[in-house]
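> Sequence:
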Amino acid sequence: MSSSRSTPRKASRLSDAQIAFEAARRLAWDAAVPRHAVQVKVSRGHLTLSGELQYTRQQLAMLEDVTRLFGVTGVTDHTVVRTSWPE
3 MSSSRSTPRK ASRLSDAQIA FEAARRLAWD AAVPRHAVQV KVSRGHLTLS
53 GELQYTRQQL AMLEDVTRLF GVTGVTDHTV VRTSWPE
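Each residue of the sequence shown is one higher than the one before, counting from 3 in the working numbering.
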């Protein structure tokens, strides 16, 4: 009699915590996005971004950083671009 062993397959989907970690890591490495300016929440692979940025180019860089991450099913951007800051 021959027996076969099956090897458990690794999950093909990342957990929300893994996606949030990778998104935060990518944002931290992007010099165009101010550190700690964007908060990331993940639910079932869907990212929700919030925070305040000074320039539209920062917002575009942020979206480029996280939109194509493995495991991301969608992105909701609640960031605000402030054209003038209180003094």
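Simulated from the structure, these hints should not be mistaken for laboratory data. The C-beta atom is built at its ideal place from N, Cα and C for all residues, glycine as well. It cannot be assumed that every hint is accurate.
Said to hold, decoys possible - The following label-pair restraints were derived from C-beta to C-beta distances:
(1) Gln56 to Asp18: 24 to 30 Å
(2) Ser17 to Gln41: 14 to 20 Å
(3) Thr85 to Arg46: 31 to 37 Å
> Between the beta carbons of Gln56 and Asp18, is the distance compatible with 24 to 30 Å?
29 Å, holds
> Just tell me: holds or violated, for the beta carbon distance of Thr85 and Arg46 against 31 to 37 Å?
Cβ of Thr85 to Cβ of Arg46: about 34 Å, so the range 31 to 37 Å holds.
> Holds or violated: 14 to 20 Å for the Cβ distance of Ser17 and Gln41?
Holds: the Cβ-Cβ distance is about 19 Å, inside 14 to 20 Å.
Consistency with the previously given hints is maintained throughout, with no hint failing.
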